[in-house]
Amino acid sequence: MNGWDWNVAKELFPSLLKGFWVILEVTVLSSITCLLLGLVIAVVLRSAPKVVSAPLFAVVEFIRNTPLLVQLFFVWFGLAPLLGSTTPLVVGVIVLGIHYSTYTSEVYRAGIDAVPVGQWEAITALSLPKRYGWQHVILPQALRRVTPALGNYIISMFKEVPVLTAIGLAEMISNTQEYVATFNTGYLEGYTIAGLIFLAVSYPTAVAMRKLEKRLAKQ
Amino acid sequence: MQSNESNPGVKDGTPAVRFDNVVKRFGDLEVLKGLNFSVQPGERVTLIGPSGSGKTTILRLLMTLEKVTEGVVYVEGEPLSHMKKGDKLVVAGEHHLREVRKKIGMVFQQFNLFPNMKVLRNITEAPVHTLGVSKDEAVAKARELLDLVGLADKEDNYPSQLSGGQQQRVAIARSLAMSPDILLLDEVTSALDPELVADVLDLLKDIANSTDITMLIVTHEMGFARDVSHRVMMFDQGVIVEDGPPSQVMGDPEHERTRAFLKAVLGESKPE
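Sequence lines, in order, name chains A and B.
In this text, residue positions in the first sequence follow numbering that gives the first Met the number 0: the first is 0, and each later residue adds one.
In this text, residue positions in the second sequence follow numbering that gives the first Met the number 0: the first is 0, and each later residue adds one.
Hints are computed from structural coordinates only; laboratory data are not their basis.
Just so you know, not all the hints are guaranteed correct.
What the hints assert, rightly or not - Each computed DSBU-like pair below joins lysine-lysine, with the alpha-carbon atoms no more than 35 Å apart:
{"no.": "1", "chain 1": "B", "residue 1": "84", "chain 2": "A", "residue 2": "129"}
{"no.": "2", "chain 1": "A", "residue 1": "49", "chain 2": "B", "residue 2": "204"}
{"no.": "3", "chain 1": "A", "residue 1": "49", "chain 2": "B", "residue 2": "102"}
{"no.": "4", "chain 1": "B", "residue 1": "262", "chain 2": "A", "residue 2": "129"}
{"no.": "5", "chain 1": "A", "residue 1": "129", "chain 2": "B", "residue 2": "83"}
{"no.": "6", "chain 1": "A", "residue 1": "49", "chain 2": "B", "residue 2": "140"}
{"no.": "7", "chain 1": "B", "residue 1": "66", "chain 2": "B", "residue 2": "102"}
{"no.": "8", "chain 1": "B", "residue 1": "32", "chain 2": "B", "residue 2": "117"}
{"no.": "9", "chain 1": "B", "residue 1": "204", "chain 2": "B", "residue 2": "66"}
{"no.": "10", "chain 1": "B", "residue 1": "262", "chain 2": "A", "residue 2": "49"}
{"no.": "11", "chain 1": "A", "residue 1": "129", "chain 2": "B", "residue 2": "101"}
{"no.": "12", "chain 1": "B", "residue 1": "134", "chain 2": "B", "residue 2": "87"}
{"no.": "13", "chain 1": "B", "residue 1": "204", "chain 2": "A", "residue 2": "9"}
{"no.": "14", "chain 1": "B", "residue 1": "32", "chain 2": "B", "residue 2": "101"}
What the hints assert, rightly or not - Derived list of chain A stretches under chain B, where covered just means 3 residues or more per stretch with a C-beta under 8 Å from a C-beta of chain B:
{"no.": "15", "stretch": "99 to 107"}
{"no.": "16", "stretch": "151 to 165"}
Glycine included, C-beta positions come from ideal geometry on N, C-alpha and C.
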């Protein structure tokens, strides 16, 4: 293995940057998926009749307790061919989004449970509809509490996007692999730059989340 | 029952509230043991008794926060926990519950204001979303009520910016905004600092004297109970021990258990 070569680094950088944009795209789309789906799961588990909530609970537990990579392979090699043409990006977004929604649903659940039971009693006493209660009283209070925790899961997910290389998504890591395969060099430069790019995004975000957490705790 | 002179609200006809053989169990614990009583429209009834005697459960059943185990609760002649289906009474659905309980308001020990809404919106939300009153009308009425409870200048504050006593007065305004026929007061001063209790009780006395709202009150403030109620019911272990005007139940109780309870409570509230 050779030492650090600035020329290789320079050559690699544009394709790494391109790969980074793919990672961001996946992160944003999967975040939207897992934030919305997790909320729906939390509310359904909490308020739907047992015939609906019990099977959903089982599915959520199953997904949360099996590896992401296995799920990716299952959907990519097992399900996707049955559905016709699809891309690693679409499958990646869906699998990551669903996988992480099983975590975010737990976060939402904790936030919902932390709202005092007296809030529901007041909703009942005022004859306000359940839907109103969720929308205007319970969730606004729950979401405030869980925003930092949700943010941390988004950061985790962001760092896990390179797993999608396994199903052929062209992002930073796979672009490096390709370069290495072609020129038989660039391990050090490619993975170092990729790591630094990750760090440059996730560290400031994590710090911001911690600040937000402190600010919300004060109020 | 007492004379109509001191209790103008009492009329013949349908009671505002009627408990018909109501049993309430929590697991193995029987909290109410076949309870029968009525409250007439306009009547103000205070429920007293040791904790665990079932007083708060009665209010919570009326507010449909709990379900009866056996028996039926009637509100203005309508079964609350059940609905008529042909000749039979079946367990009520959510829609029926919402309709019947519009007549009932409740003020809680812990206020239970919505902390994410300003004071004014706390008061206007239910009239707008439950009764379908227009926003302007609801706001006008809310301002009137805030004036009544002495907090006209606080409409833009969040509940957390108010003292406990102020929050409870907002909660009272919020329940009155629904124009309830029946108001349930569940230990409304128990969570307040001692120096804030009098203001809230005075406000409730004013409301009692200036309206004909039927009130069911659970309180340990015996002076307030005496001043404001037409009737006092003493509970112990899920049954009514004594039932009569405050002068009798509190002034000259017949039962040993009532005497013991009053002695304990009055002793507690007079530390000097």
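Margin query: Are any of the numbered hints broken by this structure? If so, which, sorted upward?
Written below: Violated: hints 2, 4, 6, 8, 10, 12, 13, 15 and 16.
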